[in-house]
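**Q** With these hints in hand, go ahead and build the complete structure from the sequences.
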Amino acid sequence: MIEILDTAPLSSVQDLGRAPYLRYGVSYSGVMDRLALRAGNAMLGNAEGLACIEIQAFPCRIRFRAARDFALTGADCAATLDGVPLPPWWAKPAREGAELTIGAPRRGSRAYLAVAGGIDVPSVLGSRSTQFRGSFGGHEGRWLKAGDVLPVGAAADAAVQAPGFGAEPPQTAFPADWAPPDLQPSTTAVRVLPAGEYGLFMEESQQRFWDTAWKITGQSNRAGFRLAGQPLEFAQRIEMRSHGIVPGVVQVPPSGEPIIQLSDAHTAGGYPKIGTVIEADLWRLAQAPLGSRLRFIPVTYRDALDALRQGDAWVAALRRLAEQYRSLCNSGRTP
Amino acid sequence: MTAEEIAQIATWLRAAGLDTLELTSPQTRLRLKLGAVAPVKELAVQPAAAVPSSLDARATGLFLPIHPWCETPLVQPGQRMEAGEVAAFLRIGPLLQPVTAPSDGIVGRCLATPGKLVGFGTKLFEFSPEGKAP
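In order, the protein sequence lines correspond to chains F and U.
Heads up: the first sequence begins at 218 in the numbering used here, then just goes up one per residue.
Heads up: the second sequence begins at 1095 in the numbering used here, then just goes up one per residue.
Rather than coming from a laboratory, the hints here were simulated on the basis of the structure.
Just so it is clear, the structure is predicted and the values come from calculations on it, not from any experiment.
Ideal Cβ placement from N, Cα and C applies to all residues, glycine included.
You may find that some hints are simply not true.
To spell it out: a stretch of chain F is covered by chain U in this simulated footprint if at least three of its residues, at any positions, have a beta carbon under 8 angstroms from a beta carbon of chain U; those stretches are [unchecked claim]:
hint, stretch
1, 383 to 390
2, 533 to 541
Here are the computed distance ranges between Cβ atoms for each label pair [to be verified]:
hint, chain 1, residue 1, chain 2, residue 2, range
3, F, E420, U, A1104, 51 to 61 angstroms
4, F, A264, U, E1116, 34 to 44 angstroms
5, F, G300, U, R1203, 21 to 31 angstroms
6, U, T1114, F, D523, 28 to 38 angstroms
7, U, G1209, F, G473, 45 to 55 angstroms
8, F, A225, U, T1114, 47 to 57 angstroms
9, U, L1117, F, A225, 45 to 55 angstroms
10, F, A284, U, D1113, 33 to 43 angstroms
11, U, A1104, F, S340, 38 to 48 angstroms
12, U, G1215, F, D529, 25 to 35 angstroms
**A** This is how it looks when you write it as structure tokens:
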């Protein structure tokens, strides 16, 4: 079991979400940065979809009530285990009573704590993710708070041996080499497919959507990012019926400033969609801090699928190499 | 060295796109050649060495004395290290494998080129086990 010693009410239990229930009007939920969760689970030998703790406010302090392997991925936090600094994207064993402190990120904005065996809260509608609108799933359907004690599942095969091992952060494994060279500092580039109503915008607005940096405002959270910039204009007024939307959809409300729908978004909406951030780049959004800027880079459907496969192959390679390394360490020889 | 470990090394060798590997330690001599039968010569067993005077690569990978997200190396020449402490990383695909101090001691000069591929046994740092003069 692990105990939350201290956290702001922005940490929650999440897994890969409830995609199959989207069509029944149940929000996706799940981690904002799927690559970070999948990598953490791969490093520990967990099944890919086991639940973790998503941490969005810092510092966060956690105590391991029993010895347990863990992996901390996502943002580059100044984390320590019993006072010993932990490299970013690192898996390590924690002894009984060990205290993990996750400090403010130096880069990125969300940290993911995966534990061997996963956070074993009850599965509701096929997922352990916290669903805030319906107040179910996760730990009592709510944000975590100090004093919460979370059960962990049975750990699989070979344990992690001290001092542990790491993964190359995806920011360096997948540099945005498709982004324009004139990208300003504190700007995250994400690839976007034009969506259904793209053609209904003024040509000048279409161009500006790609050419300018959009600021992520303070009214942004797990449900969506509200962006600020010169409003986009429609060629004609349009009224639409509500229709299904998925995480990554970029809507443009009448104000003209885009909204990106994310993990906790409603399952349907009626605003026109100018584009969709590709699934392979949602982790980049998840790690873009409030107040920073986004640049949208047009991409083809084929390239979007390639990017998704690249991520899958990376996670699979990490899982294979981590498994080999853990078993080598457990064979009694110092690697 | 167990058969399982040799199989492991063969897997890494294939993953790294290499086909031959020779490895000599005080206890072991290993010659791997993928896809062929390599001639084996008897080797006289040598007495086990003391704690080595260098930190060596224990795998084939890219030598990273600095974490991809950091500006400064993990250790500086002359720094005291405790047994098991991490001095650098070897990047093998997406995996960062730690290079650790085998005992308490003082780490010396870096002997390998950062960012370059190093093989099993490559000397990475000078290392003086505790109690010995550097």
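**Q** Find the hints from earlier in the document that the structure breaks and name them by number, from lowest to highest.
**A** Every hint satisfied by this model.
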